[in-house]
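**Q** Residue strings, one per chain:
There are 2 protein chains.
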Amino acid sequence: MEERTIQVNHCSTRKEKPKSDQLQFGRIFTDHMFVMDFTDPLGWHDARIVPYQPLTIDPSAMIFHYGQSVFEGLKAYLSPDGDAQLFRPEKNLQRLNQSNERLCIPQINEEFALGAIKKLVELEKDWIPGSEGTSLYIRPFIISTEPYLGVAPSRRYKFIVILSPVGAYYKEGINPVKIAVENKYVRAVSGGTGEAKTGGNYASSLKAQEMVAGSGYAQVLWLDGVERKYIEEVGSMNVFFKINGEVITPVLNGSILEGVTRNSVLQLLKHWEIPVTERKISMEELRQANKDGLLEEAFGTGTAAVISPIGQLTWNGQHIYINDGKTGEIAKRLYDTMTGIQYGMLEDPFNWIEKVKEKSNSVF
Amino acid sequence: MEERTIQVNHCSTRKEKPKSDQLQFGRIFTDHMFVMDFTDPLGWHDARIVPYQPLTIDPSAMIFHYGQSVFEGLKAYLSPDGDAQLFRPEKNLQRLNQSNERLCIPQINEEFALGAIKKLVELEKDWIPGSEGTSLYIRPFIISTEPYLGVAPSRRYKFIVILSPVGAYYKEGINPVKIAVENKYVRAVSGGTGEAKTGGNYASSLKAQEMVAGSGYAQVLWLDGVERKYIEEVGSMNVFFKINGEVITPVLNGSILEGVTRNSVLQLLKHWEIPVTERKISMEELRQANKDGLLEEAFGTGTAAVISPIGQLTWNGQHIYINDGKTGEIAKRLYDTMTGIQYGMLEDPFNWIEKVKEKSNSVF
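If you're matching them up, the sequences are chains A and B in order.
Numbers given in our numbering equal positions in the first sequence, counted from 1, plus 1096.
Numbers given in our numbering equal positions in the second sequence, counted from 1, plus 1096.
If you are wondering where the hints come from, they were derived from the structure by calculation, not from laboratory data.
Possibly wrong hints are sitting among the right ones.
Unchecked claim - Using 30 Å as the maximum straight-line C-alpha spacing, the simulated DSS-like pairs for lysine-lysine come out as follows:
{"no.": "1", "chain 1": "A", "residue 1": "Lys1422", "chain 2": "A", "residue 2": "Lys1303"}
{"no.": "2", "chain 1": "B", "residue 1": "Lys1303", "chain 2": "A", "residue 2": "Lys1303"}
{"no.": "3", "chain 1": "B", "residue 1": "Lys1280", "chain 2": "A", "residue 2": "Lys1303"}
{"no.": "4", "chain 1": "B", "residue 1": "Lys1280", "chain 2": "A", "residue 2": "Lys1187"}
{"no.": "5", "chain 1": "B", "residue 1": "Lys1267", "chain 2": "B", "residue 2": "Lys1451"}
{"no.": "6", "chain 1": "B", "residue 1": "Lys1325", "chain 2": "A", "residue 2": "Lys1280"}
{"no.": "7", "chain 1": "A", "residue 1": "Lys1376", "chain 2": "B", "residue 2": "Lys1325"}
{"no.": "8", "chain 1": "A", "residue 1": "Lys1303", "chain 2": "B", "residue 2": "Lys1325"}
{"no.": "9", "chain 1": "A", "residue 1": "Lys1376", "chain 2": "B", "residue 2": "Lys1303"}
{"no.": "10", "chain 1": "A", "residue 1": "Lys1366", "chain 2": "A", "residue 2": "Lys1422"}
{"no.": "11", "chain 1": "B", "residue 1": "Lys1187", "chain 2": "A", "residue 2": "Lys1280"}
{"no.": "12", "chain 1": "B", "residue 1": "Lys1451", "chain 2": "B", "residue 2": "Lys1221"}
{"no.": "13", "chain 1": "A", "residue 1": "Lys1303", "chain 2": "A", "residue 2": "Lys1325"}
{"no.": "14", "chain 1": "B", "residue 1": "Lys1325", "chain 2": "A", "residue 2": "Lys1325"}
{"no.": "15", "chain 1": "B", "residue 1": "Lys1303", "chain 2": "A", "residue 2": "Lys1280"}
{"no.": "16", "chain 1": "B", "residue 1": "Lys1280", "chain 2": "A", "residue 2": "Lys1325"}
{"no.": "17", "chain 1": "B", "residue 1": "Lys1303", "chain 2": "A", "residue 2": "Lys1325"}
With the hints as constraints, model all of the structure from the sequences given.
**A** Written as structure tokens, this is what we have:
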């Protein structure tokens, strides 16, 4: 991809921005979006920022039939000095290319894509809400647009970035949730697409979620698709347990998505010299640890919630209560530190923050 | 769904039709398409036939992110008396609703949808090619269109039917293909979406297909995702083996798609009093049967090819040659009978054929 310029077509009228306290997740979008096309043999081309607008796509396009697509999710935060900043965006773009590889979608230039995201966020900086816990959600995604019903990789794609101002995940303080362990449905299996961020993984997860939502469970906990014993993820988050002083998270096995928050939590725990292990962990081990009084904390990690403490797990009708249904010490410390770094309130010892507007930004 | 009328908006100019001998699969579409919308709480509404045209969809629509979609594939054939006819279309619509159930998509009225398909095919009857082996491919599909990035079932959908004239699958006579047994990638697993016709299953299959295509293999043969021993499907077809006089096909286990052709083949074999069994069958059993000289035939079944004989299977570097690379007797008899019924050349003992224009059709 030799594309180096981004055409900007400004919208003529700006939408009204929502109030900070009325923000939801993913329902309102900003005034502009980034679009880039891929055709064979031209490659990625025609990078542009245009007014946010509907896509016009042939009904035979592959995205509507064979689900060849990938996406990412990250956020822009407003720092106390009024700067827009991103959290480890290069990790999201690396993962986007890993997902591309699995889904037979052509690679993107990660550096260029990061520049495009920064340019778009800078243009839409007024859309970043300022209240505590709010942010501007960034959704890069790639869809297959060749008008052809054959089952084969598309020869046309669109790479698009849209932005959505989102409210605080925890409006009334960080609170543990109830999780149902899923025995019937499986999210992903080794050899499948579980470690890629692709639409099909999410479509297949809807049914299990729907089945438990009525009983007051926030999410399901997914077990491995082979033995139905080992813990994989919780909802669309990675999951951690503290057992007898040691923090454990399922080891990446090909069917688990490698979260950027997961990776950051592992680094923080090591930095704090808290014992942490990536390994297989079964529901039976968890049940036994709880019985022995050794299961001290459980929490999910993801971009939306950052840290989501788990107060109860229900497995085959048995309830496992964790830390008296309260947020654990480590979950709290991780949440405070992660958000502190993300919002520029705390020191950034790992160089995780990427300012949207570099002081010596000469590219654009 | 109380919808009972279909508005028709005719196109002003008709496209030029391709010559029968230049037809490919799924690249050319007819002049019109059927569209129906779902919104909550209105349900399915606004059923209409309109000129074939691009869809205009918000970039935040769920189909672009979370792959919530289902589809079907069937064909319209021209009979010797010039009638357009369908092959067991009610089976496809039943399966569409089964897929809807798994994907949390609202049910459609199957009878109404069949009427809509017949009305559209009747309108586009001139598009059904007349040469041997050609047909009009019918693609009903449902996509989720709610503009929302939350991972939850969409509250808006479009049900669309598009039509594509397709050429003969076997241009130079029915010919056995080489198949690679897939050990690394998995198509689906019990508890997943394997028995639903949804985009994600096809997106996840692309990589394995791409890996073997360069070595002259037409498709991969998928093994089960748990033990990686048992045979599931071949490419996007069901698969049958004849061992020592008995025909065997993998039993439906939750991860295998129930093909309409598979179902019809089972009925035909029973009608002919040829021993046929649905059961688990492993690659090891197949290898041993071949070694013992008992593996007599192998073939895939699907709407596109009807019957696709397999002349060679390659598993862990070992080649299994079947019936000297020639089309087997049963495969040939099934192909001739199935296509004979589909094109109205043979008697239809099972009432599989549905005429597009009923003699006493008063609904439209």
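**Q** Next, verify each hint and record whether it holds.
**A** A quick look at each hint next to the structure:
| no. | hint | in the structure |
| --- | --- | --- |
| 1 | A:Lys1422 x A:Lys1303 | holds, 29 Å |
| 2 | B:Lys1303 x A:Lys1303 | holds, 26 Å |
| 3 | B:Lys1280 x A:Lys1303 | holds, 27 Å |
| 4 | B:Lys1280 x A:Lys1187 | holds, 26 Å |
| 5 | B:Lys1267 x B:Lys1451 | holds, 27 Å |
| 6 | B:Lys1325 x A:Lys1280 | holds, 22 Å |
| 7 | A:Lys1376 x B:Lys1325 | holds, 23 Å |
| 8 | A:Lys1303 x B:Lys1325 | holds, 28 Å |
| 9 | A:Lys1376 x B:Lys1303 | holds, 27 Å |
| 10 | A:Lys1366 x A:Lys1422 | holds, 24 Å |
| 11 | B:Lys1187 x A:Lys1280 | holds, 26 Å |
| 12 | B:Lys1451 x B:Lys1221 | holds, 12 Å |
| 13 | A:Lys1303 x A:Lys1325 | holds, 20 Å |
| 14 | B:Lys1325 x A:Lys1325 | holds, 20 Å |
| 15 | B:Lys1303 x A:Lys1280 | holds, 27 Å |
| 16 | B:Lys1280 x A:Lys1325 | holds, 22 Å |
| 17 | B:Lys1303 x A:Lys1325 | holds, 28 Å |
In this structure, every one of the numbered hints holds.
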